[in-house]
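Undergrad: Chains W and C, in that order, are what the protein sequence lines are. Heads up: the first sequence begins at 1 in our numbering, then just goes up one per residue. Heads up: the second sequence begins at 1 in our numbering, then just goes up one per residue.
Accuracy of the hints is not assured; some may be wrong.
Stated by the list, open to error - As a list, the in silico EDC-like pairs of lysine to aspartate or glutamate whose alpha-carbon atoms are at most 20 Å apart:
(1) C:Lys190 with C:Glu283
(2) W:Lys143 with C:Glu59
(3) C:Lys242 with C:Asp103
(4) W:Lys143 with W:Asp64
(5) W:Lys143 with C:Asp65
(6) C:Lys306 with W:Asp64
(7) C:Lys306 with W:Asp22
(8) W:Lys143 with C:Asp327
Keep in mind that the hints were calculated from the coordinates and are not lab data.
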Amino acid sequence: MTNEELKALIQDWVPDLEFTEDSKEFVTVVVPRGSLRDFLRKLKTDERTRLDYLFCLTGVDYPDYLEVVYHLESTTLHHRLVVKARTQDRADHAVLDTVSDLYRTAEFHEREVYDLLGVRFTGHPDLRRLFLTDDWVGHPLRKDYTDEANIINR
Amino acid sequence: MEEVKQITLHPQGRTEEYFINMGPQHPATHGVLRLLLTLDGEIIKRVDPDLGYIHRSIEKMTEHDTYRQIVHLTDRMDYLSAHINNEAVCLVVEKALELEVPDRVKVVRTILAELTRIASHLLWWGVTGMDIGALTTFMYAFRDREMINDIMEENCGARLTMNYNVPGGLMWDIHPNFQRRVKAFIKHFKTKLPEFDRLLSDNIIFRKRTEGIGVLSAEDAISFGVTGPAARASGVSCDIRKKQPYSAYDRVEFKEILDTRGDTFARYKVRIHEMWESLHIIEQLIDNIPEGDYQVKTNAVIKLPKGEYYQRVETARGELGVYVVSDGKKSPYRMKFRSPGFSNLSVIDHVARGYKVADLVAIMATFDFVIPDIDR
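Let the hints inform the model, and build the full structure from the sequences given.
TA: Here you go:
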């Protein structure tokens, strides 16, 4: 399916989704955090999309929210789609639903995003820090993280 | 007198579950990786990887570095695919700037990438034999790998962390001896590669240690994001060189090696065949390096237009993805390296369950982990 067809199909499913023009290569769609899991499940199981391979999951820190980016590909139909979900804020409500039961690779990737950016994934089977020690304070990939000993700001 | 505590066996004659640490310093992990094993006797019940022993926060460092500097960080990730990692960053910068590099650059990059792949697979072959108890393979592999390192050294001054790619092309033109030496290597290696099969692939002990061990199904490989030779051994067609060709891969002919068995031996066999395919790719290109510039002029300080860019390349271990969020400044707003080793490691618990500790060593060997690639 071409990018235009993919976009049209998604608009047909859920009419008022926000599409961003950040990437020239992929169709990028922002889904409300409440419907993230259902949306990805439909993308994975529907015959026309069959996006069964999550090739990248990562987080980005923005001033008002944390954004988690899901790069999806179909191993049979060979089209690609980027789905984004945003948390309500960067502190108490930095929460999203897990997709680790749909894509097992997300188990590790969500732990990484939790460790380095502090997004908590509800429903994750084993949400612990991955790289840093359990008593580490803060999340290093956030823009306001400071560490005078180890980070040199140029 | 001290009271002697009586030991009673488990009613069903089974042992209690217990933990052991494999690593962080363990010869079979080839780096500082700690695996927490839950065992019942010698049977693995669970593998819990503990990462971060060489986490250098490369992604955080990129947010303070220029794009030219970032290239130099990437060959410290998967140091056996250093050239391909550098290429990935250069390609994403060129994609964002909509820069078309000369054909000469594309062809030279491809030749060097395939030489890197052979060198990486050679090291893997040597240490795989060693992990399983055949020390000789290491010597054979390093003899041939030395020739590639010498070619790299002559061509760009470094043997391991090349940094030969720059955004817009190559750092300098190829060495006058380059073509001659690469052809000499191909001629030499074609006679040596069949020896590898005779020495290890058909060895009965090696076969018994690998066949039917650590079976990974195609569905699980996709779900866990396993890529590279490990996934292709399970029958998943995932070669980025075929799926989304970059550099000169669209103008050469090569086969994507697939196997359906999905066990440790299949993963072994796929890499052996891939070395033949890499030789085949180099043969097609080495006499056809187009004339032209080795670099396109770029600004001293590169600023990418606002937006998001993604580039995938096929390293010796699988799919490396570079995701850049740019806000138009000289450093990226966010840069993510989707490393093949990280995703491949996540499947180890699933694959190793039910096998013995010694099997885990064989399984780890054919997943070919490079720990700095996992930790970044």
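Undergrad: Now tell me, hint by hint, if it's right for this structure.
TA: Hints, verified against the model:
For a cut-off of 20 Å, the pair hint linking C:Lys190 to C:Glu283 stands: about 11 Å separates their Cα positions. The hinted pair formed by W:Lys143 and C:Glu59 meets the criterion: a straight-line CA distance of about 12 Å does not exceed 20 Å. For the proposed pair C:Lys242 and C:Asp103, the alpha carbon gap of about 19 Å is at most 20 Å, so the pair holds. Among the hinted pairs, W:Lys143 with W:Asp64 is consistent with the structure: their alpha-carbon atoms are about 11 Å apart, no more than 20 Å.
Under the criterion of a C-alpha separation no larger than 20 Å, the hint pairing W:Lys143 with C:Asp65 is consistent with the structure, at around 15 Å. Between C:Lys306 and W:Asp64 the alpha-carbon distance is near 19 Å, which keeps this suggested pair within the 20 Å criterion. As the CA atoms of C:Lys306 and W:Asp22 are separated by approximately 8 Å, the hinted pair is consistent with the 20 Å bound. For the suggested pair W:Lys143 and C:Asp327, the alpha carbons sit about 14 Å apart, so the restraint of at most 20 Å is met.
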